[in-house]
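Chains as they are written, first to last, in the working numbering: chain D, 1 to 226; chain Z, 1 to 226; chain S, 1 to 226; chain P, 1 to 226.
You may find that some hints are simply not true.
[Said to hold, decoys possible] Label-pair restraints from in silico Cβ distances:
| hint | chain 1 | residue 1 | chain 2 | residue 2 | range |
| --- | --- | --- | --- | --- | --- |
| 1 | D | 2 | Z | 175 | 36 to 44 Å |
| 2 | D | 98 | P | 167 | 28 to 36 Å |
| 3 | S | 145 | D | 175 | 41 to 49 Å |
| 4 | Z | 210 | S | 171 | 39 to 47 Å |
| 5 | S | 110 | P | 175 | 46 to 54 Å |
| 6 | S | 28 | P | 157 | 49 to 57 Å |
| 7 | D | 160 | P | 222 | 49 to 57 Å |
| 8 | Z | 5 | D | 38 | 51 to 59 Å |
| 9 | D | 146 | P | 31 | 40 to 48 Å |
| 10 | Z | 72 | D | 215 | 20 to 28 Å |
| 11 | Z | 146 | P | 21 | 44 to 52 Å |
In case anyone wonders, no lab produced these hints; they're calculated from the structure.
Think of the CB as a built atom: it goes at the ideal place given N, C-alpha and C, for glycine as much as any other residue.
Now for the letters of each chain:
Protein chains: 4
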Amino acid sequence: MKISYPLILVNCKTYAEATGDKAVRLGKMAESVSNKTGVCIAIAVQPTDIYRVASQCAIPVFAQHIDPQPQGAFTGHVTAEAVKEAGAIGTLLNHSEMRLRVDVIDEAIKRAKSADLLTCACANNAEVSKAVAALNPSMVVVEPPELIGTGISVSTAKPEDVLKTVDAVKLVNPTLPVLCGAGITTGSDVKAALKLGTVGVLVASGVVKAKNPEEVLLDFANACLR
Amino acid sequence: MKISYPLILVNCKTYAEATGDKAVRLGKMAESVSNKTGVCIAIAVQPTDIYRVASQCAIPVFAQHIDPQPQGAFTGHVTAEAVKEAGAIGTLLNHSEMRLRVDVIDEAIKRAKSADLLTCACANNAEVSKAVAALNPSMVVVEPPELIGTGISVSTAKPEDVLKTVDAVKLVNPTLPVLCGAGITTGSDVKAALKLGTVGVLVASGVVKAKNPEEVLLDFANACLR
Amino acid sequence: MKISYPLILVNCKTYAEATGDKAVRLGKMAESVSNKTGVCIAIAVQPTDIYRVASQCAIPVFAQHIDPQPQGAFTGHVTAEAVKEAGAIGTLLNHSEMRLRVDVIDEAIKRAKSADLLTCACANNAEVSKAVAALNPSMVVVEPPELIGTGISVSTAKPEDVLKTVDAVKLVNPTLPVLCGAGITTGSDVKAALKLGTVGVLVASGVVKAKNPEEVLLDFANACLR
Amino acid sequence: MKISYPLILVNCKTYAEATGDKAVRLGKMAESVSNKTGVCIAIAVQPTDIYRVASQCAIPVFAQHIDPQPQGAFTGHVTAEAVKEAGAIGTLLNHSEMRLRVDVIDEAIKRAKSADLLTCACANNAEVSKAVAALNPSMVVVEPPELIGTGISVSTAKPEDVLKTVDAVKLVNPTLPVLCGAGITTGSDVKAALKLGTVGVLVASGVVKAKNPEEVLLDFANACLR
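Working from the sequences, and respecting the hints, build out all of it.
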C-alpha cells in the first residue's frame, strides 16, 4: 500500500464510531471510494485496530502516534516496529491531542524511517509547522486547534494561516508536502485547501461522525479531481 | 476468559521476541502450559497485538496500559473500550516503565471498571502499593525497579519488601490480591513469592527472553502446584 | 515559623495580584490578621517570591510545588533544598493545576522530609485523598476541581465529599490533618469546613482576587475562633 | 543589564554549590571577571535565587526554564512575568534536563517576548537546533547530551556537530546567534567553540564545580579576547 497526492487522511481518533469492527467498516468505505475515484484515501486508526483494518482493507493504514522508544523493556509504549508489523505504513506524530517534545519528534521520525514508516507531523501554526518541517518528516499537517471538531474549515475560515504555513515550510524544505486540517466537512473545503497550495487534508469528525461517511468521502474525493 | 489465583502474568513489554506473530506463539505456549497444569497464565501484550493474541489463544489477555480518556476526540490514546473490544480482559496500570499521575490511575481504574476490565496496578515500594490499593484496582503488583530485568528475584533478594507490601495493602483493603515482580526467573522464585503471601507473579524477560519460554512457564506453573 | 491548626493556607497561584511586591503585601496582610486573631495563616507563593515573602513577613511560607529531583544536574527543576534555603517551611504537592505521578509524590514527600519541609498533598476526591494519605504527607487537602475558582464552596455545596474524605483518610492514617478547598470565599464557608471535621482551608482567588484581601482573611480567621 | 557577544552563560542547574548564597557568590565572581575583561558573563539560576542574584550582582540573570502559562490560576508554574519581575532578563528553554513540547517552546518564546525576556533555546543536535531556530528564540545552544557533565568538550570532540548546527540554523535564520555547550572546561574549549562559528558557550559543572570558579571564568573570558 502506497500513498499518492492529493491525499485524504481520515483520523479515527478514539471515536466509538471508528473503533474495532466499525474501523474496519470505515476502511472498507474508504477503499470503495478510492477505487471508484482513483484518489488516495488513508486511515489513521487506534493501535488496537491496525491489524484488523490493514488486513481487511486495501488502503494505506496509519498509526495515530508512535513513541520514540526502541523495542525492548518499554511496557505500555507503541513502537515503530510494532505498528509496522501490524500493517501500518505510516504514523501521525504530534497531533494536537497528543503533543510531543521536540526531541521526541526528532527521535520518532528517525525510528519511523528505520522501520520504513511514513511520518505525518502535525502542527498548530506556521511557526511550529516550520519547526517540525526541519525534522524531515514525510509530510506536515497544519491544524489550528481552535477549529478542530467545529465544522468551520481552516481552508475557508483561515486561508491566510494555510498560505503562511505552506510558505514557511517551503523555506525549510521546498519539496515537503503540506496538508491542512480542522473543520473540513465538505468537498468545497477540500477544494479550497488544495487551491491554497496544500496536497491534501486531515479529517476526523467530518467523516467519522457523518451520517453517511462514504458519501462524504466521495464528495471529498471528487473535489480532488475537479 | 477469566483469571484465577495463583496467577502467572507475563508482560511482553515491547520486546521483539514478543511482538506480532511471536506474541501469538508465546500466547500459545502459555495456553499449553495452562492446560497441562491448570494454573492460570495471562499475557500482557502491546495494543497492536491484543486482537491477534486474544482471538488465537485461549488465555486471559491484558493490555499493558490504558489512558484515562473516554472514547472521543483523543488521537493517539488507548481507551478502555478499545482494548476491551480487541479482546483484552484487563490491563496493567502504572508499570515502572509507564508511571502515571495518581488522579490518572484513579480515573483509569474507574473507566476500566465501566468497560468491565480488570486492573493490575503496579507500584515500586510498599508505600506506593498502599496508595494504589486505596484506588481499588483488581490487584496490586509490587516491583522494586532496581531489580527489574536483573534476574535477581524480588522474592529471594528482598523478601522483606514483599512482606511489607502485603501488610500495607491489607491495611487499606484486606481482600485485595497482591503479586510481586522483578527478577523472577525460576520456579523457586515463584514459590518464594507465594510463601511471602502473594498470589502470583508478574514476569517479563525471565520468560520472554528465555531460550525455551514454554519450559520456564512449566517450571513456574509447577511451582504454583507444590 | 511553625504552623498550627486551624490553618488558613492562601495559595497565590501565579496571579498577577500576588506576584513579587504584591505577594509581599499579601503576606503582610496575613501577618497582621494572624497577629490580631492568633489564627495561623500561611501563604503558598511562587518560587521566585519565596525569599522575599519569607524574609519580610512573619508567617509560614510554602512553595506551591517541588520536584522529586535531588540537588545536582537538574536544570529547571525546583528542589526541596532550594525552597527550604529560600525560607519556605513547606510545600504544596499534586495541586489540581500541577498533578503528579504517584511515585513522584512518594519521592517528593521523602525528599521534603529530609529537607525538613512540611508537605500538603492535594487530591481531587476521597479515593485520591486516601491514596496520597498512604504516602505520609504532613496534611491532605481535598479540592473538587470543578469548584475551584467558582466561589461555590466545597464545604457548603459538597459537604458529603468532605465528610467522605475525612473518613477515608482516617482509615489510612487516623491522625493526619485534613483540609478542604475550592470556592471558599466567606467566613461561613470556613466555619462549615471546620464543622465537617477538617482542620483548615486552602484558599486562592477568594482571598487573592478580593477587593480587600485583609478583610476577607479577618472574616476567615474569626470564623476559626467562633 | 544587557547581554553582548561573545557570551559566557553559566548554568547553575540545581547544584548545591550554586544555590542561595552560593549562587550570589558565583554571580559576584562572574561580575568581577566581566568587569576585568569586558566579556559578557550571564548566569542562569534557580527560580528561588533570581531575586537575590539579580539584586546583588551586576550581571545579566537568566531563569533556567519558564512555563508557557500566563499569569492566573496555574499553581506551581513559573511564568515569564514572575521571573522578569524577580530581575531576570532572559531564560533557558528546552534544556536537555527539561525538554519541552514543540508547541510549548513556541508559546513560551512568544510569552517571553511579550514580557521582554530573552530566550535561549537548547537542542541536542543539528536537526533539533534547526527546528527550535524556526521558532525565533533570541539564541540557540546545541549540547550533545552524551557529553554534558563529562569534561569532554563538544567543541574539540565533536566539532563537526557544532559546524553542522551553525549551518543548519543559518538556513532558517541567518542572523540567529548560536552557542554550544557540554563538557566545556578550559579556555581552549571556549576558543575552539568560537572558531567553529558560535558566539559563546553554555557551561555548568565546568565552572560551578571547579575548585576556583573565578579562575575558570577568567580563563574562559580571556579565551574570548584572544
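Please test the hint of 36 to 44 Å on the beta carbon pair from residue 2 of chain D and residue 175 of chain Z.
55 Å, violated
| task | Given the range 46 to 54 Å, decide if the beta-carbon distance of residue 110 of chain S to residue 175 of chain P lies inside it. | result | 48 Å, holds
Are residue 72 of chain Z and residue 215 of chain D spaced within 20 to 28 Å by their CB atoms?
23 Å, holds
Quiz item: Are residue 28 of chain S and residue 157 of chain P spaced within 49 to 57 Å by their CB atoms?
Solution: With Cβ atoms ~54 Å apart, the hint holds.
Determine whether the Cβ-Cβ distance between residue 210 of chain Z and residue 171 of chain S falls within the hinted range of 39 to 47 Å. 43 Å, holds
Query raised in the report: Measuring from beta carbon to beta carbon, are residue 5 of chain Z and residue 38 of chain D in 51 to 59 Å?
Result: 57 Å, holds
### Message
Quick check: does the Cβ-Cβ distance between residue 160 of chain D and residue 222 of chain P fall within 49 to 57 Å?
### Response
51 Å, holds
Measuring from beta carbon to beta carbon, are residue 98 of chain D and residue 167 of chain P in 28 to 36 Å?
Given range 28 to 36 Å: holds, Cβ gap about 32 Å.
CB-CB spacing for residue 21 of chain P and residue 146 of chain Z relative to the 44 to 52 Å hint: With a Cβ separation near 36 Å, residue 146 of chain Z and residue 21 of chain P fall outside 44 to 52 Å, so the hint is violated.
In this structure, is the beta-carbon distance linking residue 145 of chain S and residue 175 of chain D contained in 41 to 49 Å?
-> 47 Å, holds
Open item on the list: Verify the CB-CB distance for residue 146 of chain D and residue 31 of chain P against the hinted window 40 to 48 Å.
Closed with: Holds - the Cβ-Cβ distance for residue 146 of chain D and residue 31 of chain P, about 46 Å, lies within 40 to 48 Å.
Checked against the numbered hints above, the structure breaks hints 1, 11 and satisfies the rest.
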